[in-house]
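Engineer: So you can see what is in the structure, the chains are spelled out below.
Number of protein chains: 2
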Amino acid sequence: MGKFTFENRRSIRQYSGRDVEPELLNQLLSTAAHTQTMGNLQLYSVVVTRSAEQKAALAPAHFNQPMVQQAPVVLTICADFRRTSTWAQCRKADPGYDNILSFCNAATDALLYTQTFCNLAEEAGLGLCFLGTTIYQPQAIIDVLKLPKLTFPVATITLGWPAEEPPVSDRLPLQSFLHEETYHDPTPADIDCFYAEKESLEVNREFVCINNKETLAQIFTDIRYTRKDNEALSRTFIAALRNQGFL
Amino acid sequence: MGKFTFENRRSIRQYSGRDVEPELLNQLLSTAAHTQTMGNLQLYSVVVTRSAEQKAALAPAHFNQPMVQQAPVVLTICADFRRTSTWAQCRKADPGYDNILSFCNAATDALLYTQTFCNLAEEAGLGLCFLGTTIYQPQAIIDVLKLPKLTFPVATITLGWPAEEPPVSDRLPLQSFLHEETYHDPTPADIDCFYAEKESLEVNREFVCINNKETLAQIFTDIRYTRKDNEALSRTFIAALRNQGFL
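From first to last, the protein sequence lines stand for chains A and D.
Counting in my numbering, the first sequence runs from 185 upward without gaps.
Counting in my numbering, the second sequence runs from 185 upward without gaps.
It cannot be assumed that every hint is accurate.
Since copy identity is lost for identical chains, a pair holds within one copy or between any two.
Calculated lysine-lysine pairs in the DSS-like style (CA-CA distance at most 27 Å, straight line) [claimed, not checked]:
| # | residue 1 | residue 2 |
| --- | --- | --- |
| 1 | K276 | K382 |
| 2 | K397 | K412 |
| 3 | K397 | K382 |
| 4 | K397 | K276 |
| 5 | K276 | K333 |
| 6 | K397 | K330 |
| 7 | K276 | K412 |
| 8 | K412 | K382 |
| 9 | K382 | K333 |
| 10 | K330 | K412 |
These are calculated hints, taken from the structure and not from any lab test.
Kindly produce the complete structure, drawing on both the sequences and the hints.
Structural biologist: Laid out in structure tokens, this is it:
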């Protein structure tokens, strides 16, 4: 395998039997902590899952995607104002972080930290998959990991040594997401241009056909990320935020 | 200057007169797009500010931090379900992304993308500062950059070639944010251990003294991130989310 370059990165969902040594993992987690954070407060925490029991308990919260139980390590990264608030309480200070802005500050810290960790881990030859399902059923994760108030799971990484080398995914052209000075709303002609490659890919054309849809966009709106699901999951997300003390 | 290593990274707030060449910037922005995103939809956009007029217009939204007008380039990274929704509408698909879960999905994509960009830019020798102020007065940024519905600014980066080499900031020890299998709430003794180094730093002790406070934590709770500010900014944040169609 050649030197890692970011242009060739791909998500890895199949892992070899080799363990991720705790020393390596801890070194990567420590180094990633040099990512900038709000007021240098490091408003995040990482729960490491290695036990088969805990992986099995987490799996349903991630719609039983097989990586959760197959990966040697699962990391759940949490927005965390708990530790900072406890520090304040131990130091005659009155913390005021039980609000939505503070949740967003901590979630930002946690996600930036997560991505540096991903960059470093992939550079070290590890393979990983980011599970976007983390915020779909957060209460289930909160219960399994015993996350206290003022913490909230925002990212999950399944991590191991790669046992596959899938193709690199397509990406939209730069001009589709780059705006000079002000936002320029895409015209229908722009949309045709931006999405032409994605829509022409054989794998996507087959996906449309198998699902009896007319367009690729319908795969997303009608099957993968539907209004009905998004609205139901928005309600459970809000309820979990409230339970954790951020609303 | 030696090879960049992440352990030595520091935020850069002073930039040389040298411009950031558009070719280099575009290459970094393109490469960063290999970061994983939800369903490979790339739910983000980047507004590049180079004009002095637009920098001056953005500055108040960032509490007039001088980097905004001094950096050759300011990047505002937005959660963006606009382009994807327009694509859907052009393809006989009904997008259902005007809800809080979709905002969180897009914000996640945008923040992960932002951090990969930061890591690549710093590796290329650029210096940058992440402005956490972006979500404090989002409506002002929305107005200046003419951000349409279903977009929302979540990160701002001031970018240029470094004209300073500040010391590397302290970080909390790994055990302060690492939890094995389940979350372990810190005891007062843990807190003493986790925060000992930070509290003992000369710069922090002076800061406490100058501000007539008793503890470092009070600097954060009473001056930098107060309950009153957090609650007021939470209200304006929610109002901006509503204006942009995510609530």
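Engineer: Check each numbered hint from earlier against the structure, then list the numbers of those it violates in ascending order.
Structural biologist: Structure breaks hints 6 and 10.
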